[in-house]
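Chain order of the listed sequences is A and B. FYI, in my numbering the residues of the first sequence are 98 to 595. FYI, in my numbering the residues of the second sequence are -5 to 168.
Some clues are possibly wrong.
Here are the in silico distance ranges between beta carbons for each label pair [claimed, not checked]:
| id | chain 1 | residue 1 | chain 2 | residue 2 | range |
| --- | --- | --- | --- | --- | --- |
| 1 | A | 462 | B | 39 | 22 to 30 Å |
| 2 | B | 106 | A | 194 | 52 to 60 Å |
| 3 | B | 149 | A | 165 | 25 to 33 Å |
| 4 | A | 549 | B | 24 | 37 to 45 Å |
| 5 | B | 149 | A | 151 | 34 to 42 Å |
Quick caveat, the hints were computed from the structure, so don't treat them as lab data. Quantities reported herein were computed from a predicted structural model and do not represent experimental measurements. From the three backbone atoms N, C-alpha and C, an ideal C-beta is built for every residue, glycine too.
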Amino acid sequence: MFSKVLIANRGEIAVRVATTLQQMGVVSVAVYSEPDKSALHVRSADEAYPLEGRTSAETYLRGDKILDIAKLHGVDAIHPGYGFLSENATFAQQCADAGVTFIGPPPSAMKAVGNKVNAKNTLGAAGVPLVPGWVGAMDRGEKEILDQARKVGYPLMVKAAAGGGGKGMRLVTAESELLSAIETAAREAGSAFGDSRVFFERYIQHARHVEVQVFGDQHGQAVHLFERECSIQRRHQKIVEESPSPALTPELRRRMGEAAVRTAKAVGYTNAGTVEFLVDESGQFYFLEVNARLQVEHPVTELVTGHDLVRAQLLVAAGERLPFSQEDLTQTGHAMEVRVYAEDAQRGFLPSIGRIEHYVPPVGPNIRVDSGVAEGSEVSIHYDPMLAKLVAWGRNREESRQRLDWALRRFVVLGVTTNIEFLRELINHDEFRAGRLYTRFLEDHPIEIPAITEPPMEVWAAAAMATRSSAHRQSGGVATSSMVTTGPWQQAGAWRAW
Amino acid sequence: MKIQLRVKGAEQTTAVELRRVSGGEHHEYQLGVDEKNIELCIEEDGSNSGWIRSHGKLSRYHVLRRDKSIQVWLDGRVHTIDVVEPGRRGADAHAGPVSETLLAPMPGNVLQIKVKPGDSFEAHQPLVIMESMKMEMSLSIPHAGRVGEIRCEVGKMVDMGTVLLTVAPAESDD
């Protein structure tokens, strides 16, 4: 086993990885940008070293700086988390060349799945069901593009070949929108991934997004750890994830699990990965993409299988055998996760930046909170505004949903606006409760947060207490924050985005 | 002391008065909200949080005051309450004739400006494309109009609230 591991990430995932490292007796090393110097992930590690610079491009994406720190401080392995360098085959190769273990799949497998076009070609040959589409180059002229699109049929989805997380994706419902959608998707893909290649495929109506967790070791073993349903998305970003999927029969689960393992074996995959599928209303499933990393939503799988996936990642990366066989694995009860973001659901989900003054996550049986922030943390424009993942386990779906609702009701965040109330309305929606989920759920069922114009008496009492205590604090010489809470969209005569 | 409070965005102001009950237990209060009066127990467990008990019903609260705005967390909901200054009925009262502007909703980079000064635009027509946190945002105005001045440049970073363009004053047609 490794003795010292560097976590090339920030936020909740860096905190979460450090926890497992410490439990295994491995020294955890954090790296951080200037705005993150007092961040929770820095304080959660055993050692921490700065990456000079402010933006992601200057810091967490700089494999060279990170490797220099690793070499200087005797690090054996690097855990990349998700995002940033996690699916960067070049970085994985540089680690290998420097004699530092990259905790993830080999560069060859990352290349095979990292480009969606290549992945479709390889997996089609391995007999994994694919969504019908066209992967030709977009410089073949308008006529060919339009002809191919007509063959695929509308509506269709334009996607970035190097894509992930919804960036560089556009839904096209009519031919007239196709060329401009390709142009915007290509530009977004170019700026997000440094690769502007795009392709398109048929849009499956009312599809569910169901993904299968896979794990491979260096001894040729590959298993799956069942599915996660992640159909509830906003602008292609997942918001709620759960396991098991309310839509899968044992038979479909078995077939999808086998297809996922076949996918992993076809590309020589090791370590943790996720094979994403779309499932249509008739129960047909189609390969979407492979995420060659630990997923944001991995806790859902941990709660139903009882396995620590980061621990398994470390064992496999150190050359050991997988700590479980397919026969060992069971899916017990139900787990549901929501992503708590600093964003204002009532104002077009604009990220809400500022200092978190109160942060009290819920505590209770079968409630898990993976936080990336604490009281006093700053939410800046530099990074993703996810604050925490909140996960609840129950014996069945309704029990976990109720537990999650309870936990959301007790999650206190003041200082930035969060989506907590939006999440509560969402998981209490009748269609959500009934498990009738699909990827455009939120477009068809917009979530209204009831406005309260006449708040309960207690709100006035608490507000009055605040006017007393702040006068108190000011006279005591304690500086109060000068953050102004009125945003530009509240100014008279000004319009905010979309 | 009576204070004037208002739910953010609401029209009417509420007069609130919170007094300690003299001779009562330390945490007994009389709350006056407009014409109504009720008795409450408030137990603080920090300078910004505590429990409110009203006729046996318990509520947990957390408060955060920033200047004239108070965030109140109560039983899972966040209420934003503005403190209205005496003699000013509302923050919008000063609003005189305002020329309309399109503001940057977030800090970010201007990718494209789709209109020129003097151009007419339709409601929801994309006017400026911005990029922030690697997401593209198409900015528009929910009604038709004519562009006044362009105040931003392609490729430049702008702060939240920067005026990107102004709308020409409407020509009176009635």
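Structure-based check of all given hints:
1. A:462 to B:39: 22 to 30 Å: holds (23 Å)
2. B:106 to A:194: 52 to 60 Å: Between residue 106 of chain B and residue 194 of chain A, where Cβ atoms are some 41 Å apart, the hint is violated.
3. B:149 to A:165: 25 to 33 Å: holds (32 Å)
4. A:549 to B:24: 37 to 45 Å: violated (24 Å)
5. B:149 to A:151: 34 to 42 Å: Violated, at about 19 Å.
In the structure shown, a violation is registered for the earlier hints numbered 2, 4 and 5, in ascending order.
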